[in-house]
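With chain U fixed as given, assemble chain E with the ligands onto it according to the hints.
Here the protein sequences come in this chain order: U and E. What the first sequence shows, in this note's numbering, is residues 1 to 431, in sequence order. What the second sequence shows, in this note's numbering, is residues 1 to 94, in sequence order.
Take these hints with a grain of salt, some might be off.
[Stated by the list, open to error] Label pairs and their computed distance ranges (CB to CB):
1. E:Lys66 / U:Asp142: 37 to 47 Å
2. U:Asp397 / E:Lys66: 25 to 35 Å
3. E:Trp54 / U:Tyr276: 50 to 60 Å
4. U:Ala427 / E:Asp42: 29 to 39 Å
5. U:Leu248 / E:Lys3: 43 to 53 Å
6. U:Ser48 / E:Leu63: 24 to 34 Å
[What the hints assert, rightly or not] Covered, in the sense of this in silico footprint (three residues per stretch, anywhere, with C-beta under 8 Å from a C-beta of chain U), are these stretches of chain E:
7. 15-22
8. 51-64
9. 67-79
[Unchecked claim] The list that follows gives simulated cross-link-like pairs (lysine-lysine, BS3-like), each with its CA atoms no further than 30 Å apart:
10. E:Lys92 / E:Lys66
11. U:Lys117 / E:Lys92
12. E:Lys92 / U:Lys216
13. U:Lys110 / U:Lys334
14. U:Lys110 / E:Lys92
15. E:Lys66 / E:Lys29
16. E:Lys3 / E:Lys92
17. U:Lys121 / U:Lys110
18. E:Lys29 / E:Lys5
19. U:Lys117 / E:Lys66
20. E:Lys29 / E:Lys92
21. E:Lys92 / U:Lys334
22. U:Lys121 / E:Lys66
23. U:Lys377 / E:Lys3
24. U:Lys377 / E:Lys92
25. U:Lys110 / E:Lys66
26. E:Lys66 / E:Lys5
27. U:Lys216 / U:Lys377
28. E:Lys5 / U:Lys377
29. U:Lys377 / U:Lys117
30. U:Lys216 / U:Lys121
31. E:Lys5 / E:Lys92
32. U:Lys334 / U:Lys377
33. U:Lys377 / E:Lys29
34. E:Lys29 / E:Lys3
35. U:Lys377 / E:Lys66
To be clear, the hints were calculated from the coordinates, so they are not data collected in a lab. The model shown is predicted, which means the values in this text are computed figures rather than measured ones. Glycine residues also receive a C-beta, built at the ideal position from the N, C-alpha and C atoms.
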Amino acid sequence: MSEHDCNAIEIAPGVHWIGALDPGLRSFDMILRTANGTTYNAYAVRGSDGVAIIDTVKAEFADEFFARLAHVARLEEIRVIVLNHLEPDHTGALPELLRRAPQARLIISKRAPAMLKALLKPTDDALDVEVVDTGDEVSLGDRRLRFLNTPYLHWPDTQCTYLVEQQVLFSGDVFGCHHCDLRLFNDRVGEFRFSFDYYYAHIMRPFKSHVRDALKLIEPLPLTLIAPAHGPILRERPRRYVTRYRELSSSGEGFDRPFEANDQPASLIVFYLSAYGSTTRMAEAVQAGAEAVPGLRVSLYDLEGSEIAPFIDLIEEADALAFGSPTVNGDAVKPIWDLLSSLGGISLRGKIGAAFGSYGWSGEAVPMIEDRLRGLKMRVPVSGLRLQLTPTAAELDACRAFGRQIAEAMTGTSNTSVSAERVIDFAELSP
Amino acid sequence: MAKAKVTFQDIDQTVNVPAGIRVIDVSEKIGAGIIYGCREGDCGTCMMHVVEGWNNLTEPSVLEEKVLRENMASRHDRLACQAQIIGDCTVKPA
Ligand SMILES: Cc1cc2nc3c(=O)[nH]c(=O)nc-3n(C[C@H](O)[C@H](O)[C@H](O)COP(=O)(O)O)c2cc1C
Ligand code: FES
Ligand SMILES: [Fe+2]
Ligand SMILES: [Fe+2]
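Chain E with its partners taken away, still in its complex shape:
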């Protein structure tokens, strides 16, 4: 299975993960600082900032774009419960 590395900058921890996994599923296990509410792309709580590897996450859906807009996301912010990891990237809480 394809592998990728995701680094959580706030706790300085890198995890080797199977490609396709959602960021939130890794971050909650490792205890990184990304918080979450609904886990369904609705509430915007899990907003994170992508420090590196923006293109190594799946594209945001129209709905995610809308929630990001509503929560005043800045450039390179994503929802950790929606973004799936497809290549190496570094993230931190937004």
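So here's chain U without its partners, still in its complex pose:
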């Protein structure tokens, strides 16, 4: 796009889009694909007392950003630069903006200062910033910017900015999507609902409980327009996108929903693979042992019989996961690793994990799976169960006991009251 095409687009009185279009992009952050590129949305807000810039663009698009900015403001009019999110797709043009508008005050969230320093690596250490929290305001004369601290959507530093008088929410990556369309507004662009849900699933879903915290701040606001940092500007029925986030973040609450308060029974899923049937028999015994504990639903799946994708939602909603794998060439088998490397989109924190399996002589699979479960921030309260080759009757008893221990760890030991303080010894924790 040549620079003379680079106009600013008014999205509300005195508020202009000064972002950049990246129609050629096909893969973003290594984890997201897009069939028609993306936009890096930046905004200029003019008040009677100066101009605020909200976010910038990816470094390669700085020229486009400055060209659009030049249509609506002179550099010396810029009083504040608000950074809703420090990721380089929004801060790429910041160093140049700070050079051109050195008088502007940087406004960032409370978790941002250290990250900003790490991002810009300033040589003189004299980065002057103003830190804001929920409810803080900055006046531009006849209009005010108010801040909402919304951490982990999707970085620790993320925040939203609300233009009080116009009821415009600059939401950062929240409510954004990768969809590049010059028509810019949600009532004009092509179909993008799938991109919206897809973006949520890959970027926001891992931080579901933070999404719900943020919605508590956002839902009470009157909204005429949502101006996210990627994709269409949401001016037609903006609230339905807030509702969509509420819907998407409400299912499968996992660990943050206490078992007692839940009408669904606590759920344990046992996944396994087996070449000669020994690990299968172990898995069945683990299931039987767990099922003997009341108030539990136990499911058993042979990973050889399914794709991984259908299990992701189940896993998110489960309270505990047990994995059975034989040791093959000193490792667990590949479908286990495929599954355990496909869970980046959901939070496993605090769920209970366990591993078991049959082995021939060295038995590496079980401890390797347990390490991975801990790496995924799961708790591994019952240490893994390995047994050599074919299980004996006594060994199958041990499998049933193992299943029962997992179940008891899930429900809290059945004969102590739930409020009783639970004390364990550090030495009992698995290595």
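For chain E with the ligands alone, kept in the frame of chain U given last:
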């Protein structure tokens, strides 16, 4: 060896630990909600709030104080990868 009790309020779990151990080493094993990044007192990710027993953790170093300041720590926040347990205390994610 001297012993202490550390309670992770978010998961309602208490652990008997040998004195001197870092909070992060216990919290990650037990699956409490304190998250971490560098584990070297640099990134501030592991910030936690000390609910009780502030004086039963080793004193923060000058470097830890600096990271806490940079991350806008509130009163009685510490880095779980730096604070060592020397007596009974209760912590939760900041
Ligand atoms: C989608 C996404 C998720 C990220 N998650 C984390 C994270 O959980 N922890 C972390 O320390 N950094 C995280 N980062 C930050 C990257 O590690 C950081 O930007 C790094 O500098 C990227 O390195 P690269 O330039 O080699 O891609 C994340 C970045 C992206 C884009
Ligand atoms: S984990 Fe980085 S400061 Fe503790
Ligand atoms: Fe981002
Ligand atoms: Fe982004």
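(message) What's the verdict on Lys121 of chain U and Lys66 of chain E, does the C-alpha distance respect the 30 Å limit or exceed it?
(response) Answer holds: Lys121 of chain U to Lys66 of chain E is near 17 Å, not above 30 Å.
(message) Given the hinted pair Lys29 of chain E and Lys5 of chain E, is their Cα-Cα distance within 30 Å?
(response) holds (15 Å)
(request) Between the stretch 15-22 of chain E and chain U, see if three or more residues pass the 8 Å beta-carbon test, and mark the coverage as holds or violated. (result) holds (count 5)
(message) Can you confirm whether the C-alpha distance between Lys377 of chain U and Lys92 of chain E stays at or below 30 Å?
(response) holds (16 Å)
(message) For a C-alpha distance cap of 30 Å, please report whether Lys334 of chain U and Lys377 of chain U respect it.
(response) holds (21 Å)
(request) Could you grab the alpha-carbon distance between Lys5 of chain E and Lys377 of chain U and see if it respects the 30 Å cut-off? (result) holds (22 Å)
(message) Between the alpha carbons of Lys377 of chain U and Lys29 of chain E, is the straight-line distance 30 Å or under?
(response) Given pair Lys377 of chain U, Lys29 of chain E holds - Cα atoms ~9 Å apart, limit 30 Å.
(request) Starting from the range 50 to 60 Å, see whether the pair Trp54 of chain E and Tyr276 of chain U falls in it by beta-carbon distance. (result) holds (57 Å)
(message) Just to be careful, I want the Cα atoms of Lys66 of chain E and Lys5 of chain E compared with a cutoff of 30 Å; is the pair within it?
(response) Satisfied, since the Cα-Cα distance of roughly 28 Å is no more than 30 Å.
(message) So if I understand the rule, the pair passes when the alpha-carbon distance is 30 Å or less; does Lys29 of chain E with Lys92 of chain E pass?
(response) holds (15 Å)
(request) Starting from the range 24 to 34 Å, see whether the pair Ser48 of chain U and Leu63 of chain E falls in it by beta-carbon distance. (result) violated (45 Å)
(message) So if I understand the rule, the pair passes when the alpha-carbon distance is 30 Å or less; does Lys216 of chain U with Lys121 of chain U pass?
(response) violated (35 Å)
In terms of the numbered hints stated before, the structure departs from hints 2, 6, 8, 13, 21, 30, listed from lowest to highest.
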